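**Student:** Model the full structure from these sequences, guided by the hints.
Those sequence lines, one after another, are chains A and B. For what it's worth, the numbering used here labels the leading residue of the first sequence as 195, then goes sequentially. For what it's worth, the numbering used here labels the leading residue of the second sequence as 863, then goes sequentially.
In case anyone wonders, no lab produced these hints; they're calculated from the structure. Bear in mind that the values here come from a model prediction, so they are computed numbers and not experimental data. Where is the CB? At the ideal position from N, CA and C, for every residue including glycine. Take these hints with a grain of salt, some might be off.
Reference excerpt, derived from the structure (chain A facing chain B, CB under 7 Å, subset only) [to be verified]:
id, residue
1, Tyr225
2, Gly234
3, Gly236
4, Leu237
5, Leu273
6, Thr297
7, Phe300
8, Pro302
9, Gly303
Computed beta-carbon distance windows for the label pairs [claimed, not checked]:
id, chain 1, residue 1, chain 2, residue 2, range
10, A, Ser278, B, Arg905, 17 to 23 Å
11, A, Ile248, B, Met873, 21 to 27 Å
12, B, Ser936, A, Pro233, 41 to 47 Å
Residue-level listing of the chains:
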Amino acid sequence: NAGVTQTPKFQVLKTGQSMTLQCAQDMNHEYMSWYRQDPGMGLRLIHYSVGAGITDQGEVPNGYNVSRSTTEDFPLRLLSAAPSQTSVYFCASSYAPVLAGLTQYFGPGTRLLVL
Amino acid sequence: AQTVTQSQPEMSVQEAETVTLSCTYDTSESDYYLFWYKQPPSRQMILVIRQEAYKQQNATENRFSVNFQKAAKSFSLKISDSQLGDAAMYFCAYRSGDFGNEKLTFGTGTRLTIIP
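**Tutor:** So this is what it looks like as structure tokens:
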């Protein structure tokens, strides 16, 4: 059971480049989300999805796009990277919202450096 | 909007001793969930313990326990018999009890050092 997986582990981009951070889970979780972690600020929600075909914005969505075509995958796209997007990105998943209170499981994180 | 405050940026404890990490939160909701996550140097976010607000009994998980004071909006984590492997960043997090609102609001973290 792999849980939540993220690729790549580390990436360096130049300003203006685009890339996709991959996230996959094999626990049949309906809810998936992306957070970014910056020094001294904890984790902040970027985008989330309550099921395939449904996505919504979180606290800091600007500069990021998401889609959810399958239950398993929830990629995060940076269309034009900026230095302010240098951060560590975490993907998380949990069971359906009706089972409220169950734990969100986090992936190992992707460290992104934008030059 | 909910906020979570961890007022101790750093804490240290002697191995085998007990340490308490503080967390306070602000919310107008009556139904919610609170979590403590551990983040070791590997950066993996690992759930330590969770508490449902409707439960009066404090949650415990082996050496980890919480002191949940709902009226005071306080949620501290006690680690007993501290071990070297407990060294990590610890984050307190809040989740609304509303169905469909799965967002976790995190505090800024407390870095725990274990002194051998």
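**Student:** All the hints need checking, so say for each whether the structure fits it.
**Tutor:** Now the hints, each set against the structure:
1. Tyr225: 5 Å, holds
2. Gly234: 6 Å, holds
3. Gly236: Hint on A:Gly236: holds, closest Cβ of chain B at ~4 Å, below 7 Å.
4. Leu237: The hint holds - A:Leu237 has a Cβ within 7 Å of chain B, the shortest such distance being about 5 Å.
5. Leu273: 24 Å, violated
6. Thr297: Result: holds, 5 Å to nearest chain B Cβ.
7. Phe300: 4 Å, holds
8. Pro302: 5 Å, holds
9. Gly303: 5 Å, holds
10. A:Ser278 with B:Arg905: 17 to 23 Å: 20 Å, holds
11. A:Ile248 with B:Met873: 21 to 27 Å: 40 Å, violated
12. B:Ser936 with A:Pro233: 41 to 47 Å: 26 Å, violated
The structure fails hints 5, 11, 12 (numbered hints given earlier, in ascending order).
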